[in-house]
Amino acid sequence: MSGDPEYTQEFVDVDRARIGVQVYPEPDGPPGAPVVVIWPAMGVRARYYRPFATALRDAGLAVVVADLRGTGASTPPPSRACRYGYAELAGDVGAVLDSLKPRLDGRTRLLLGHSLGGQAALLHLAVHGADAVDGLALLAVGVPYWRGYPGARRYGVLPYSQGIAAVATALGVWPGWGFGGRQARGVIRDWAYTARTGRFPVLDGVDAEAAVRRLRTPVLAVGVDDDQYTPHGTLDHLCAKLDAAPVTRARYTAAEAGAPLDHFTWVRAGAPLAGRVAAFAAGLPRR
66 MSGDPEYTQE FVDVDRARIG VQVYPEPDGP PGAPVVVIWP AMGVRARYYR
116 PFATALRDAG LAVVVADLRG TGASTPPPSR ACRYGYAELA GDVGAVLDSL
166 KPRLDGRTRL LLGHSLGGQA ALLHLAVHGA DAVDGLALLA VGVPYWRGYP
216 GARRYGVLPY SQGIAAVATA LGVWPGWGFG GRQARGVIRD WAYTARTGRF
266 PVLDGVDAEA AVRRLRTPVL AVGVDDDQYT PHGTLDHLCA KLDAAPVTRA
316 RYTAAEAGAP LDHFTWVRAG APLAGRVAAF AAGLPRR
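Using this note's numbering, the letters of the sequence shown map in sequence onto residues 66 to 352.
Hints are computed from structural coordinates only; laboratory data are not their basis. Misleading hints may appear alongside valid ones.
Unchecked claim - Computed Cβ-Cβ distance ranges for the label pairs, DEER-style:
{"hint": "1", "residue 1": "Pro96", "residue 2": "Tyr220", "range": "21 to 31 Å"}
{"hint": "2", "residue 1": "Arg281", "residue 2": "Gly171", "range": "17 to 27 Å"}
{"hint": "3", "residue 1": "Asp170", "residue 2": "Arg212", "range": "35 to 45 Å"}
{"hint": "4", "residue 1": "Tyr220", "residue 2": "Arg281", "range": "17 to 27 Å"}
{"hint": "5", "residue 1": "Tyr220", "residue 2": "Asp123", "range": "39 to 49 Å"}
What the hints assert, rightly or not - Okay, derived cross-link-like pairs now, SDA-like style, lysine to any residue, Cα gap no bigger than 20 Å in a straight line:
{"hint": "6", "residue 1": "Lys306", "residue 2": "Arg351"}
{"hint": "7", "residue 1": "Lys306", "residue 2": "Val267"}
{"hint": "8", "residue 1": "Lys166", "residue 2": "Leu349"}
{"hint": "9", "residue 1": "Lys166", "residue 2": "Ala146"}
{"hint": "10", "residue 1": "Lys166", "residue 2": "Val287"}
{"hint": "11", "residue 1": "Lys166", "residue 2": "Val267"}
{"hint": "12", "residue 1": "Lys166", "residue 2": "Glu75"}
{"hint": "13", "residue 1": "Lys306", "residue 2": "Ala275"}
{"hint": "14", "residue 1": "Lys166", "residue 2": "Arg352"}
{"hint": "15", "residue 1": "Lys166", "residue 2": "Pro116"}
{"hint": "16", "residue 1": "Lys166", "residue 2": "Asp78"}
{"hint": "17", "residue 1": "Lys306", "residue 2": "Leu280"}
{"hint": "18", "residue 1": "Lys166", "residue 2": "Gln74"}
{"hint": "19", "residue 1": "Lys166", "residue 2": "Asp196"}
{"hint": "20", "residue 1": "Lys166", "residue 2": "Asp80"}
{"hint": "21", "residue 1": "Lys166", "residue 2": "Arg83"}
{"hint": "22", "residue 1": "Lys166", "residue 2": "Ala309"}
{"hint": "23", "residue 1": "Lys166", "residue 2": "Val79"}
{"hint": "24", "residue 1": "Lys166", "residue 2": "Arg351"}
{"hint": "25", "residue 1": "Lys306", "residue 2": "Ala324"}
{"hint": "26", "residue 1": "Lys166", "residue 2": "Phe76"}
{"hint": "27", "residue 1": "Lys306", "residue 2": "Gln74"}
{"hint": "28", "residue 1": "Lys306", "residue 2": "Thr262"}
{"hint": "29", "residue 1": "Lys306", "residue 2": "Lys166"}
{"hint": "30", "residue 1": "Lys306", "residue 2": "Glu274"}
{"hint": "31", "residue 1": "Lys306", "residue 2": "Phe329"}
{"hint": "32", "residue 1": "Lys306", "residue 2": "Tyr258"}
{"hint": "33", "residue 1": "Lys306", "residue 2": "Arg278"}
Quick caveat, the model's predicted, so the values are computed rather than measured. Idealized CB from N, CA, C, for every residue including glycine.
Modelling step: build the complete structure from the supplied sequences, incorporating the hints.
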């Protein structure tokens, strides 16, 4: 990836954590391009998104990529001492946006989330307010509700997810055995709750499920072909919660990408999808 642009590594302190933030150079063209802030999937480092960040820059967007708490350059590393969950992940989104405010003033701002990062971005907007951004792109995101999976597979999702939660509770941390990387038990607890109930948990005393239904931020929701973790039905389940938001629902196919796709590989075959994101950002109301 020697042809991809270099980013500047920055950090944002929040609570007793430090969030790693990769800031890419401004795209070519007129100043003041829309800014997209990417939030990764569970256990995926921000640097994995470098090819997609390049595609977004080529499409005319300024790009920032943050590491989720406990992953990549972000601290603390998950351990038995960590108690954070979805509430803290959603709060981290706000802390990063606050730190970027001097760069964002007067510009169109877009949160873009992949998998768990999409849930964190959505929950931040729903629980803490959406004034800081103009749009939300959800790529390969879904509520992993067991009933949202196709065919007989759904009957394996429930025991699998609850088994992971039981191990995390017993050990005090999820070791990352074959799924999601090492994670704080609170993150796994909240993830397993969504898999069991199809609902978002209460966050810091706020009914997140009701808050999501009140959100009015424009949303681009794209499912990916052959996504083994968030198939189209799980994204449909999520979109059904967005009662008040204008939602553009789309699919990203292997034919469009020109390459095989799954929950992760779309990131490396994402140039056409980057164009969709740029078109969505261009259609958002100007500040």
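_For each hint given before, does the structure comply? Return the numbers of the non-compliant ones in rising order._
Structure breaks hints 1, 4, 6, 9, 10, 11, 15, 22, 25, 27, 29 and 31.
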